[in-house]
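J.: The chain contents come next:
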Amino acid sequence: MRTAPPSTAGHGPRGGGVGGGSARGVLGVVVQGAARNYASRRAPRAQRISGAGGAGLRGGGPGRDGSAMIRFILIQNRAGKTRLAKWYMQFDDDEKQKLIEEVHAVVTVRDAKHTNFVEFRNFKIIYRRYAGLYFCICVDVTDNNLAYLEAIHNFVEVLNEYFHNVCELDLVFNFYKVYTVVDEMFLAGEIRETSQTKVLKQLLMLQSLE
Amino acid sequence: MIQTEASCCRIIFGMGKGKSKEAEIKRINKELANIRSKFKGDKALDGYSKKKYVCKLLFIFLLGHDIDFGHMEAVNLLSSNRYTEKQIGYLFISVLVNSNSELIRLINNAIKNDLASRNPTFMGLALHCIANVGSREMAEAFAGEIPKILVAGDTMDSVKQSAALCLLRLYRTSPDLVPMGDWTSRVVHLLNDQHLGVVTAATSLITTLAQKNPEEFKTSVSLAVSRLSRIVTSASTDLQDYTYYFVPAPWLSVKLLRLLQCYPPPEDPAVRGRLTECLETILNKAQEPPKSKKVQHSNAKNAVLFEAISLIIHHDSEPNLLVRACNQLGQFLQHRETNLRYLALESMCTLASSEFSHEAVKTHIETVINALKTERDVSVRQRAVDLLYAMCDRSNAQQIVAEMLNYLETADYSIREEIVLKVAILAEKYAVDYTWYVDTILNLIRIAGDYVSEEVWYRVIQIVINRDDVQGYAAKTVFEALQAPACHENLVKVGGYILGEFGNLIAGDPRSSPLIQFNLLHSKFHLCSVPTRALLLSTYIKFVNLFPEIKTTIQDVLRSDSQLKNADVELQQRAVEYLRLSTIASTDILATVLEEMPPFPERESSILAKLKKKKGPGTVTDLEEIKKERSSDMNGSAEPASVNASAVSTPSPSADLLGLGAAPLTNSAPPPSSSGSLLVDVFSDSASAVAPLAPGSDDNFASPDLASSEVVSEEPADTVHDADELFHKFVCKNNGVLFENQLLQIGLKSEFRQNLGRMFIFYGNKTSTQFLNFTPTVICSDDLQPSLNLQTKPVDPTVDGGAQVQQVVNIECVSDFMEAPILNIQFRYGGTFQNLSVKLPITLNKFFQPTEMSSQDFFQRWKQLSNPKQEVQNIFKAKHPMDAEITKAKIIGFGSALLEEVDPNPANFVGAGIIHTKTTQIGCLLRLEPNLQAQMYRLTLRTSKEAVSQRLCELLSEQF
Chain G
1 MRTAPPSTAG
11 HGPRGGGVGG
21 GSARGVLGVV
31 VQGAARNYAS
41 RRAPRAQRIS
51 GAGGAGLRGG
61 GPGRDGSAMI
71 RFILIQNRAG
81 KTRLAKWYMQ
91 FDDDEKQKLI
101 EEVHAVVTVR
111 DAKHTNFVEF
121 RNFKIIYRRY
131 AGLYFCICVD
141 VTDNNLAYLE
151 AIHNFVEVLN
161 EYFHNVCELD
171 LVFNFYKVYT
181 VVDEMFLAGE
191 IRETSQTKVL
201 KQLLMLQSLE
Chain W
1 MIQTEASCCR
11 IIFGMGKGKS
21 KEAEIKRINK
31 ELANIRSKFK
41 GDKALDGYSK
51 KKYVCKLLFI
61 FLLGHDIDFG
71 HMEAVNLLSS
81 NRYTEKQIGY
91 LFISVLVNSN
101 SELIRLINNA
111 IKNDLASRNP
121 TFMGLALHCI
131 ANVGSREMAE
141 AFAGEIPKIL
151 VAGDTMDSVK
161 QSAALCLLRL
171 YRTSPDLVPM
181 GDWTSRVVHL
191 LNDQHLGVVT
201 AATSLITTLA
211 QKNPEEFKTS
221 VSLAVSRLSR
231 IVTSASTDLQ
241 DYTYYFVPAP
251 WLSVKLLRLL
261 QCYPPPEDPA
271 VRGRLTECLE
281 TILNKAQEPP
291 KSKKVQHSNA
301 KNAVLFEAIS
311 LIIHHDSEPN
321 LLVRACNQLG
331 QFLQHRETNL
341 RYLALESMCT
351 LASSEFSHEA
361 VKTHIETVIN
371 ALKTERDVSV
381 RQRAVDLLYA
391 MCDRSNAQQI
401 VAEMLNYLET
411 ADYSIREEIV
421 LKVAILAEKY
431 AVDYTWYVDT
441 ILNLIRIAGD
451 YVSEEVWYRV
461 IQIVINRDDV
471 QGYAAKTVFE
481 ALQAPACHEN
491 LVKVGGYILG
501 EFGNLIAGDP
511 RSSPLIQFNL
521 LHSKFHLCSV
531 PTRALLLSTY
541 IKFVNLFPEI
551 KTTIQDVLRS
561 DSQLKNADVE
571 LQQRAVEYLR
581 LSTIASTDIL
591 ATVLEEMPPF
601 PERESSILAK
611 LKKKKGPGTV
621 TDLEEIKKER
631 SSDMNGSAEP
641 ASVNASAVST
651 PSPSADLLGL
661 GAAPLTNSAP
671 PPSSSGSLLV
681 DVFSDSASAV
691 APLAPGSDDN
701 FASPDLASSE
711 VVSEEPADTV
721 HDADELFHKF
731 VCKNNGVLFE
741 NQLLQIGLKS
751 EFRQNLGRMF
761 IFYGNKTSTQ
771 FLNFTPTVIC
781 SDDLQPSLNL
791 QTKPVDPTVD
801 GGAQVQQVVN
811 IECVSDFMEA
821 PILNIQFRYG
831 GTFQNLSVKL
841 PITLNKFFQP
851 TEMSSQDFFQ
861 RWKQLSNPKQ
871 EVQNIFKAKH
881 PMDAEITKAK
891 IIGFGSALLE
901 EVDPNPANFV
911 GAGIIHTKTT
921 QIGCLLRLEP
931 NLQAQMYRLT
941 LRTSKEAVSQ
951 RLCELLSEQF
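Protein sequences, first through last, are from chains G and W. Number 71 in the numbering used here belongs to position 71 of the first sequence; there are no gaps in the numbering. Number 724 in the numbering used here belongs to position 724 of the second sequence; there are no gaps in the numbering.
So that you can see chain G by itself, here it is in the shape it has in the complex:
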């Protein structure tokens, strides 16, 4: 009596280059030496994958013990128009567009009673809404949620100070300045500077050169 269908059909060795992963991603590196034993102790928590889309964000999984980083920063309005996109990983244009749309879909359906965190593919989005604008930071699942949530606010306060009551149009017309602000505060997917005073001082200095 054979009750069950045969187990999953052959994944066995097949000749040559069978489909599968080209090694994508930056951080999927094996942690060596002493760090390894400690690495696996972190956050054994469930991870669900939303959006099975084929974009590259599925590669380069989250760092296992703090090798986490910002994958991208997006500012979008409610209609889904991108006001700033800053990528800290290599994506091709199609992937970027797909990510932008997915983030918009994931974030805009949430209400104020929800958390400011949402799982996104193998990562998570930390987001905060200011008027009609969503500020979203995509980080690894092991990253510190609240630290990035406040990093967003810190960034918004700087923008507000720099543009004197910032509004959406400031970001549109002064896009090249917004990029400068971002680079002062975040670089290479890391928080670079957190002091508002220091950032503003630098921005004013740069402005004086114009």
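These are calculated hints, taken from the structure and not from any lab test. Cβ atoms here follow ideal geometry from the backbone N, Cα and C, with glycine treated the same way. Mixed in with the good hints, there may be bad ones.
Which stretches of chain W does chain G cover? Using the computed rule of at least three CB atoms under 8 Å from a CB of chain G, they are [claimed, not checked]: (1) 164–174; (2) 837–845; (3) 851–865; (4) 883–894.
Covered stretches of chain W (chain G as the covering partner; in silico rule of three or more C-beta atoms under 8 Å from a C-beta of chain G) [to be verified]: (5) 129–143; (6) 239–249; (7) 294–303.
Add chain W to chain G, keeping to what the hints say.
T.: What follows is chain W alone, placed relative to chain G:
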């Protein structure tokens, strides 16, 4: 000037607004044409105009239009001496990176000039450009330069910040191009820097470097601790610029705490004491009244707190801190901020896995259950499920399982399967009373039948078959459950299987007489899919044996056209064969063929055994145990499908799972040419044909592809037997399946030549769910490392459901070796962390080159190697049938030449070959003398090196 730029953009923007898409495109095309003509114009543009137009192009690009020119003009802007022009140039490059090699050289040239300019603004722009683009060409050009800028004494602080992160970016993209050197120790000392911005940037760099090179950056621990200590003990205004809503340097604190998570607790008691003080201070502050009512204040404070708790959990060594952390999180569970409730649930999940805090976590069970019922955000409920799972142990299993079942009825579809698995695991793990287990699984099928995966219902059948005390109850329960007018197909499967085995236990009750049982099952038949119908047909033939009184009823059903002429070949074949079997076989034969299933072999996971041994029973947390056990269950489970009756069915793929493939070999019967002849074979030779069909027979040497999956421990001592059994299958062959469980299949394909080899490892995801963080690592022990060079490329950390990834291992044998490398694989599947290790079958004999020689040569050399240290001999009992042809094949597979007509005794086998290593070549001679009467072998190896003789003898002895 700023105004001008804004207005030029506004023109375009204004035009686009309020008008149709077409009008916008038209306007933009016109603008692009205008810009193009300006760039192409005879008159050279001045810097200002060039900047203006490049800026316009950038704006148009950001509006979502393609830009295919202007790159050259942007590159030209880089060499301007005006900040604004340079800035727009760099921005254009960063946003529209193009790997046009011609341009890259020009860009790199401009960057080089700016880096050398000693103008901090220009250096900053250049560094940001490198950090944003981070291409390999840039790494090649600047990876040597940037560390110098970073540690130079006269570099401005803001440039240092950029240089640190720029270097980090290059290290992440091209670690091979970033040379470690003197600068590393100086980088560590940036943790002491006056400027907290520099420390913030440097900490990120150091953390990443320390993960990859923990030894070199060990000194960062004490520096990080003292820095952290100064921050947390500072008054809320001390740090001025770096105080955020009354919290001193929250981001830097978080980064320092993360850096410390790269290391075990500090060994130096003073450092350790200081760190403990810091952590206590952070926990104390959480209890103090807030200095501000603003959410920013509490968020910043709690960001540090959560990171501190992560570190406490990571160290897992201070019971006092762990319990305090748990109490703090307990308060958050009922906080009005959803964010905090979510994070507390998440963090508590990891706390539950520490022996010190497990009990403390359990005290919050009611709150967590309540969260499951009341939280509005599904992701919070999800965390609650995770936490319940993590805190479950024998004392609260019944309650937790009941609550999860409750929740399952209303749970989001997206997470049902995961909950089903969790319930099934908990129910099995903590079942004291197996009737409870059976009830729970049947409930699962009732509530969420679609989400009950095969493993779950296979498992319940295994357990019922292996436990006599629950069989009657199970039969009764499934019988009752099947009464429901609409029941899930999975229930029909379980019901069909269990009644087929144990229906007799309830047949005494007139309410569940054989005929009623049969009619009940058959009433579901037509609604079921083909595999389920096939199962039911098998149940019917089992009924023929159990209940002879309904034999004719069943035969009538089998005989009906809808069965005998069924369009599905499997169903038709079963019907034909079962009908025939029921007609011609005597009761004795029926009883033999259709005997009750033997118990499934229960194996304890060797990973679990290892874990227990390694960490001591105390530290193996329940959570981890559950996970390991889950994987062990999967490893250990033979398909519950196998029943003796399948002997009479087709040699279809599933038959192989029963070990049928091995049968012809073990009793030397010719393979069945058709099912008809197989049927005859069974009856003419029923005893021997049926015997090897018991599931779980492991001795299928000749069909190792089907071999049972064994998880092998990293410490060979633990499970020597398991390890060797699996391992030895590969000694004489290069391809096959190395490992398989319900989740993962690992296949190998390898080739060796002289002292080099290449192995392709194929990882197949057998599930429909992605594997995350998939990390295979090949580990050589310290003894092995000098003898064997292995090079692997990392694989994609995500393996899609049903997909296969390949990894190549390049192998170089430097000198002879004894041990085998270990392949360790870690990944996350669903909610669980999987960790398994198998020995990688790279053995010394793989580097054999066969050598043909004459009888005379052979014995001459044999005599030359007569030093007692050169000879190793082993006399052992045959483990497999002594077949000369198979033996020959094995010797050839082993790698040596098989020398025919060399030994005066034709029954003996001799072989010769050379082991190639990088350093030396070792000639090897072997002789195998079988003794058929005694079922023994004598194996003699002579080589020029004692260790080699020893190792080859060990390896080969296991093969016969």
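J.: Does each hint hold? Answer for all of them.
T.: Consistency of the hints with the structure:
1. 164–174: holds (count 6)
2. 837–845: violated (count 0)
3. 851–865: violated (count 0)
4. 883–894: violated (count 0)
5. 129–143: Holds, because 3 residues of the segment 129–143 of chain W bring their Cβ atoms closer than 8 Å to Cβ atoms of chain G.
6. 239–249: holds (count 5)
7. 294–303: That given contact holds, which follows from 5 residues of the segment 294–303 of chain W lying within Cβ reach (below 8 Å) of chain G.
Hint violations for this structure: numbers 2, 3, 4, all remaining hints satisfied.
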